[in-house]
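J.: The lines below spell out each chain.
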Amino acid sequence: MTPQSELEFCEYVQDTRDALLRTAYLTCGDWHRAEDAVQTSLIKLYGAWNRTRRATVDAYTRRILANVLVDQTRRGWFRRERAFADPPPDHAEEPDAAEGQAEAAAILARLPLKQRATLVLRFWEDRSVEETARIMRCSTGTVKSNTARGLRTLRDHFATSSPAGEGSKR
Amino acid sequence: MNDDEVRGLLARAASGPVDADRVDPMTILRAGRRRVVRRRRIGAAVAGGAAAMLAVGAAVGIPLGLGDDTDAAGSAVPGDLPTQTVDDAFLDQWNRFDHGDCALPEGQSDEQARISAAANQALFTGLAALGAEPLGQCLTTRPDHDGFHYDNDFDVYTLNEALAFGDDPSAVDWIYLRGGFWYTGGEDFESQMESEECFDPRVTCSWDDTEAGRVLLIEGVSDDFTDPDTESGPTEYPIVEAFLFRDEAVVSLGFSLRYESEDLAAPDLDDVTELLLVIPVGDGTEAPETEPPAWDDLTDDFAAAIEAGLPGVEVAAGTAEAVRLGPDIDSYGGPVYGTGDTYMVFVLAELASGETVRFFLQAQVVPVTEEDLDGAAAGCGLADCEQVDGGPWNRPLHRTIGGERPSLTALEYRTGDGWLVGVGAEAVDGGALPPVDAAALDAILTGIR
Numbered sequence: 001m002t003p004q005s006e007l008e009f010c011e012y013v014q015d016t017r018d019a020l021l022r023t024a025y026l027t028c029g030d031w032h033r034a035e036d037a038v039q040t041s042l043i044k045l046y047g048a049w050n051r052t053r054r055a056t057v058d059a060y061t062r063r064i065l066a067n068v069l070v071d072q073t074r075r076g077w078f079r080r081e082r083a084f085a086d087p088p089p090d091h092a093e094e095p096d097a098a099e100g101q102a103e104a105a106a107i108l109a110r111l112p113l114k115q116r117a118t119l120v121l122r123f124w125e126d127r128s129v130e131e132t133a134r135i136m137r138c139s140t141g142t143v144k145s146n147t148a149r150g151l152r153t154l155r156d157h158f159a160t161s162s163p164a165g166e167g168s169k170r
Numbered sequence: 001m002n003d004d005e006v007r008g009l010l011a012r013a014a015s016g017p018v019d020a021d022r023v024d025p026m027t028i029l030r031a032g033r034r035r036v037v038r039r040r041r042i043g044a045a046v047a048g049g050a051a052a053m054l055a056v057g058a059a060v061g062i063p064l065g066l067g068d069d070t071d072a073a074g075s076a077v078p079g080d081l082p083t084q085t086v087d088d089a090f091l092d093q094w095n096r097f098d099h100g101d102c103a104l105p106e107g108q109s110d111e112q113a114r115i116s117a118a119a120n121q122a123l124f125t126g127l128a129a130l131g132a133e134p135l136g137q138c139l140t141t142r143p144d145h146d147g148f149h150y151d152n153d154f155d156v157y158t159l160n161e162a163l164a165f166g167d168d169p170s171a172v173d174w175i176y177l178r179g180g181f182w183y184t185g186g187e188d189f190e191s192q193m194e195s196e197e198c199f200d201p202r203v204t205c206s207w208d209d210t211e212a213g214r215v216l217l218i219e220g221v222s223d224d225f226t227d228p229d230t231e232s233g234p235t236e237y238p239i240v241e242a243f244l245f246r247d248e249a250v251v252s253l254g255f256s257l258r259y260e261s262e263d264l265a266a267p268d269l270d271d272v273t274e275l276l277l278v279i280p281v282g283d284g285t286e287a288p289e290t291e292p293p294a295w296d297d298l299t300d301d302f303a304a305a306i307e308a309g310l311p312g313v314e315v316a317a318g319t320a321e322a323v324r325l326g327p328d329i330d331s332y333g334g335p336v337y338g339t340g341d342t343y344m345v346f347v348l349a350e351l352a353s354g355e356t357v358r359f360f361l362q363a364q365v366v367p368v369t370e371e372d373l374d375g376a377a378a379g380c381g382l383a384d385c386e387q388v389d390g391g392p393w394n395r396p397l398h399r400t401i402g403g404e405r406p407s408l409t410a411l412e413y414r415t416g417d418g419w420l421v422g423v424g425a426e427a428v429d430g431g432a433l434p435p436v437d438a439a440a441l442d443a444i445l446t447g448i449r
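Each protein sequence line maps, in turn, to chains Z and F.
First residue of the first sequence? That's 1 in full-length UniProt numbering, and the numbers climb one at a time after it.
First residue of the second sequence? That's 1 in full-length UniProt numbering, and the numbers climb one at a time after it.
Looking at chain Z on its own, in the form it has when it is part of the complex:
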């Protein structure tokens, strides 16, 4: 890779790492795994950087990230390189905000990985059904069914956990 390409790659990492970390965290529910997945994904992206069209690099990076996160559930145990890293940021510094964040994260954790990943791409990253299907490497029908099932799980949770839940239903 030329020095100019490497500079562009580093700039891309700088500009997108915050968003990628949040997307990865929302998908897997663990900051350690999210950081590991984002690092792994960007290292893979480096190898493909020269062949990647800049117009679609964001979607391509999300595709790599989605695959890494799925792969983590099977192979993550011997990624010991994080064993000596500092612990992730303490999200309990502001108790009220942290409590809301933790509660929201716990609700999302009820969803299976692929339903969660679909909702994150559709509603956090605001991607279309077609784009989500390309990133997840599945059909648009699967995207729609994962979306519907995920929303139903969330809906059922709010309906059973809050007396006012009726008012929040679609």
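Treat the hints as calculated values from the structure; they're not laboratory data.
These numbers were taken from a predicted model, which means no experiment stands behind them.
Just so it is clear, CB atoms sit at the ideal spot from N, CA and C, and this is done for glycine as well.
Errors might be hidden in some of the hints.
[What the hints assert, rightly or not] What the simulated footprint calls covered on chain Z by chain F, stretch by stretch (three residues with Cβ under 8 Å from a Cβ of chain F suffice, anywhere in the stretch; the number is not a length):
#: 1; region: 12-20
#: 2; region: 32-40
#: 3; region: 107-120
#: 4; region: 146-156
[Claimed, not checked] Here chain Z is said to cover these stretches of chain F; the calculated rule only asks that three of the stretch's residues, wherever they fall, bring their Cβ under 8 Å from a Cβ of chain Z:
#: 5; region: 17-31
#: 6; region: 190-201
We have chain Z already, so just place chain F on it with the hints.
T.: Same frame as chain Z, now just chain F:
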């Protein structure tokens, strides 16, 4: 729940400070550069034009690193070296999961073979991370193939392996590993396996819950790793064993610990559980994708081991080439690395000092006796060879070749699987030995396998 409420939920979950500096662009860059050296070129090898180049190159050697890197400077193989046709059977043997030469199982379908291969790939990678290395021996008293294989009689995937364990080469610690997995068809096997495995008062059983399913943990002493009909000797050994009950399959692994060291930490139930969790068994209807072994993988691994063993070195991946030594290797007048059964990989690399060095990997299975260890296979007939301290599983030696192309090589004969493997560094343009010492070569050799 409407779209905005979902977005609100996601926004709350993702709220709070993110330490993005933990994803450092320069760290990513360096890791990416290393990975490019290891990048598999299987896609290029089947792309048509590249496949034709390989077909031509196969007559003499396998030129690798097919050209889209910046440092393609021609082959690293010495121009005068006699070579002959490479045989892909070497690659199959080199990539055997158990490092052995046990008979391959009969009667497996292609799908079953792929399921076995996927399970083996994950299991043996996990075992290596624990410091376990297959001994490469073939049991004669029970079925022993290359890791997991499908047993048609019992409709189960099963394995039996012997593994060396730990970092102390002087120790004689080893474990006997048995394992298996079968597809349940929806039937619940938890109660059955608990009653079958836990009735023995010499073992203690407990349960653990994981995301993948419940795990039955068993530890204590057992004699059922020994087949009384075919095997004699001491029968009771400490064991750690576990069964993972997934939705579609039950997976089990058990270690029978044959330890003599007092201080070495044996694998425990946590280790067994973690291994179970990484074995991809699926639902038995479709095998996970696995990549067939390729010459590129061998050179990628060699390049990565060089870079790990010598900080600051830059390997010119485009110069890598795999060859088999010609039958006239001992009479051509240059360095004699081995015999006509020796396979080698040559690659050029630039040291931190700026000097270009030729590194080589040599390997072959050698049925040698201890007396012949420093013989023709190691190229010691025309070189200075010094045996160094090893352990019960290996016989290392250092070889110095003089003359116009001097080199230093770290070699190791592995008594378990019969492999003689060596890593050497050679001057490219003649002159003195390159500044790469035996310790560095030993480190690179350890990183190979």
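J.: Compare the structure with the hints numbered earlier in the document and write down the numbers of the violated ones, lowest to highest.
T.: 6
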